[in-house]
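What follows is each chain in one-letter form.
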Amino acid sequence: MIIAERKPFKEIKEMLSPYKRILVLGCGTCTAICWAGGEKEVGILASQLRLAFPKDKISVLEGMVQRQCEKEMVTELKDKVEKVEAILSLACGIGVQTLAQVFEGKPVFPGLNTTFLGMPEKEGLWVEMCGACGDCVLDRTGGICHIVRCAKGLLNGPCGGVRRGGKCEIDPEKDCAWALIYRQLEKQGRLGLMQKYYPPKNYRAVKRPGRIQTEKA
Amino acid sequence: MAKPFREALRTNDFIVTAEVTPVKGSDVLKIVEHIELLKDKVDALNVTDNQGSVMRYPSLGACLLVKEHGGEPILQVTCRDRNRLAIQADLLFAWSRGIASVLCLTGHSIDIGDHKEAKPVFDLDSVQLIHLVHILNSGEDMVGNKLIGGTDFCIGTSVNPSSDPIEPQFIKVLKKIEAGVDFIQTQAIYELDDLKRLMEFVRKVDGKVKVLAGILPIIDLSMAKYISENVPGIFVPQNLIDELEQTPKDKVASKGIELAAKTIRRLKEEKICDGVHIMFTGREERIPEVLEAAGLRG
Chain A
1427 MIIAERKPFK EIKEMLSPYK RILVLGCGTC TAICWAGGEK EVGILASQLR LAFPKDKISV
1487 LEGMVQRQCE KEMVTELKDK VEKVEAILSL ACGIGVQTLA QVFEGKPVFP GLNTTFLGMP
1547 EKEGLWVEMC GACGDCVLDR TGGICHIVRC AKGLLNGPCG GVRRGGKCEI DPEKDCAWAL
1607 IYRQLEKQGR LGLMQKYYPP KNYRAVKRPG RIQTEKA
Chain B
201 MAKPFREALR TNDFIVTAEV TPVKGSDVLK IVEHIELLKD KVDALNVTDN QGSVMRYPSL
261 GACLLVKEHG GEPILQVTCR DRNRLAIQAD LLFAWSRGIA SVLCLTGHSI DIGDHKEAKP
321 VFDLDSVQLI HLVHILNSGE DMVGNKLIGG TDFCIGTSVN PSSDPIEPQF IKVLKKIEAG
381 VDFIQTQAIY ELDDLKRLME FVRKVDGKVK VLAGILPIID LSMAKYISEN VPGIFVPQNL
441 IDELEQTPKD KVASKGIELA AKTIRRLKEE KICDGVHIMF TGREERIPEV LEAAGLRG
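Taken in sequence, the protein lines are chains A and B. If you want the working numbering, it's the 1-based position in the first sequence plus 1426. If you want the working numbering, it's the 1-based position in the second sequence plus 200.
By construction, these hints were calculated from the structure, which means they are not laboratory data. Be aware that one or more of the hints could be misleading.
Some chain A residues well away from chain B (every beta-carbon gap over 10 Å; in silico) [as the list claims (entries may be wrong)]:
| id | residue |
| --- | --- |
| 1 | F1435 |
| 2 | S1443 |
| 3 | E1465 |
| 4 | A1558 |
| 5 | G1579 |
| 6 | L1581 |
| 7 | N1582 |
| 8 | V1588 |
| 9 | A1605 |
| 10 | R1634 |
Heads up, incomplete: computed chain B residues facing chain A, CB under 8 Å, no partners named [claimed, not checked]:
| id | residue |
| --- | --- |
| 11 | H308 |
| 12 | E317 |
| 13 | P320 |
| 14 | L324 |
| 15 | V327 |
| 16 | K375 |
All of these numbers come straight from a predicted model, not from anything done at the bench. By construction, the Cβ of each residue, glycine as well, lies at the ideal position given by its N, Cα and C atoms.
Start from the sequences and build out the full structure, keeping to the hints where you can.
Next comes the structure, spelled out in structure tokens:
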């Protein structure tokens, strides 16, 4: 899933200051699950905005859409959108851009910073898992992605900066991906995979901007 | 003129290299002083590459200074700041100007340096970098184009003998040896058992690669604390800190140098490794004291 965090309120307030009628629009999928853009967060942010601006200056509408990244779902909001001058999206960057595309004439602002593709590790903790590199390596790493879970994205083993106990050079809270990979492959009796040399990665496996055209089913 | 480092590696002599750190700025006076002071006392001088992810005068530029002043440079190349195009171009330039040895490193993370918002590159890793140098040495570039004039670099790399867990580190050093390295300069070591463990592993897989133990003398307690907290991969043991704490303040520096020299003498006498690589992070003027105390060409 896509993980995001709310932008600092000061930044949001500044973005919205020229507008009087605003729609705060949440997303019911990824950003709702990571506690950044669900119904509850929409409510909290809308209240904060109402408190921050004088009553006569601003009117804040609230709204939710199941997936802001789908044009059809977003189009259903047409009537609500017509009533406001600007939209503050609490979806990921994809949701923001979908709104911008569907409602061309309406300024859309991001209320979140989209941070990474990850999963909930435990309650309130989300961790990055995938870099969407377009050339998956998980078959050779025991299912642990060193492209994003190693701070340097190294392909042939750990750097020399590993902290004691297999923790990352940059943060003792983070595991060294290569220490994890070693343990996993050892458990599976597949350490040979780690001993193999991997040549430089094709960082152009996805030609940016990415675009995939498939045959219609 | 100094003899090529590759020739020094071919002898059975105890090899000594030292590290010089470029300044932050264009005034090269200090590094030239260090080069002049050290060039005839060591087999080669490493020049660090934006050491600790702190932007400085480039390794390539300072290696040219080493050449100009009659020393033998080792160009340190990290994968942090340059992609595969830039690294190849820099290596061609280095070779064309007489820099014949290269140390292939990953490089510290951007996060520990002074440009924390920079985009980290790591297009290659250190094992791939070793392969790349071999490819340039064969007269081609990475994608198989013929070069008009190739290179013939002597290739080195680094390893951290105190890494924990050590097994993944050993797998990586094995890959580096298989890729083909002439020498290894280890991260600073304080526990000889760690080095012995590494030597046992390296000797099992390769009899020829020369291993130089990294020596970083601790000359004040704040330095010990700074290194432990800020330099990833260097572990200053508590017993060393205790020993320095019990030393009168005005004698801590000489004690630190004495301890480093003692380690070097042991390494040499017991033939634990093939040489030493002395680092002094900006205080290179003190390296001759270490060499003298260790009985090495001081």
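In rising order, the numbers of the hints this structure does not comply with | Going through the list in order, the structure violates hints 5, 6, 7, 8, 9 and 12 and respects the others.
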